[in-house]
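On the provided structure of chain D, position chain A as indicated by the hints.
Residue numbers (our numbering), protein chains in the order written: chain D, 1 to 139; chain A, 1001 to 1189.
One-sided and incomplete, this derived list gives chain A residues near chain D with beta-carbon spacing under 8 angstroms:
1) VAL1024
2) GLN1028
3) ASP1029
4) GLN1050
5) PHE1053
6) LEU1054
7) PHE1057
8) ASP1113
9) LEU1116
10) ARG1117
11) ILE1120
12) LEU1140
13) THR1167
14) ARG1171
15) LEU1177
The set of hints was computed from the structure by calculation and includes no laboratory data. Note that CB positions come from ideal geometry on N, CA and C, so glycine has one too.
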Amino acid sequence: MTDQSTTNEDPNRDEDSPLDQSEDARWIDAVRQVLDDGERSEGARAAFRARLEDRIERRTSSTWRPWLLTASAAFGAMVVWVLVPGGGVDPGNESDVATDSAGLLAYAYYETEYLAVEDEANGFLSDEYQAIANAFDVP
Amino acid sequence: MARAGEHREERRERDLDSRFRALVDENQDAAIRTARRLLGGDASAEDVAQEAFLRAFRGLRRFREEASLRTWFFRILVREVQRHKRWQVVRRVWKTDSLSDAELPSRQAPRGDVGLRRRIGTALEALPVRQREAFVLVHLEQFTTKEAADILGVSLGTAKTHVHRATHALRAHLGDLRPTEPKESGEST
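Pulled out of the complex, with its shape left as it was, chain D reads as follows (with noise of 0.2 angstroms):
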């Protein structure tokens, strides 16, 4: 599912200097040494594998489960859809595209579906979720 739609490429990428790309190369890393966060300590990661068993073992004990969500993520989009006129929602939102209550229905819907589908082997997700995607313009 590669996206050809947005190559759009820089016809002035590979122009920069090599004086350029080293200063750009101390300057990332430069951006690394203040974000770097250190060494997680090995408590914290074995308390993160811990949670991980867990949260497993309870998301994948029971069959029943995604249809418990996609018919309680349905019945809650249609009280924001009959309660919450417009939605509240901020339009200006790169990401948000349930900008109306209507939007938020739609959106719920898309979201149960990826639940339900499921489908991310590789990555790839089937036709159906795709529709949905585009029909509702989720990147």
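Relative to chain D, chain A alone:
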């Protein structure tokens, strides 16, 4: 005959399990880091990383080896970050905190210059999503541009362009950053 099939299935389950454990052990630090940077320092980075690992666990059985396992996982992670950000919109409407945030384990206090980290975070946040993702993957997590292209599902040329534009945009805001020289005592900043 049936028993041989059961043995094969058991062995396959064990293989998948050990493969998944290795994936978690080798990538949890990078996954949390990447999520944090893509989320603009959002405290739910660990939670998002956990969700991505959970999805990888569910999908591993169907993984078709068309990419490296790490690239495949980071593709899931980037999607999970996108999903999390979209749901933030809904959470904002209802003014609720993410339940899972509340149960997060103790988080590391940020190191170094907090103000500078915030400046970088703000500049990253201001980038278009794809540019931010490409920059974080290539320059902060040191994936190759090809791997980043695979993770983002774009062509190599597009990924290069995103990285290039992100770098220039960020340098315009943060051009004063300079690497600090290592101290003689060997301490790192």
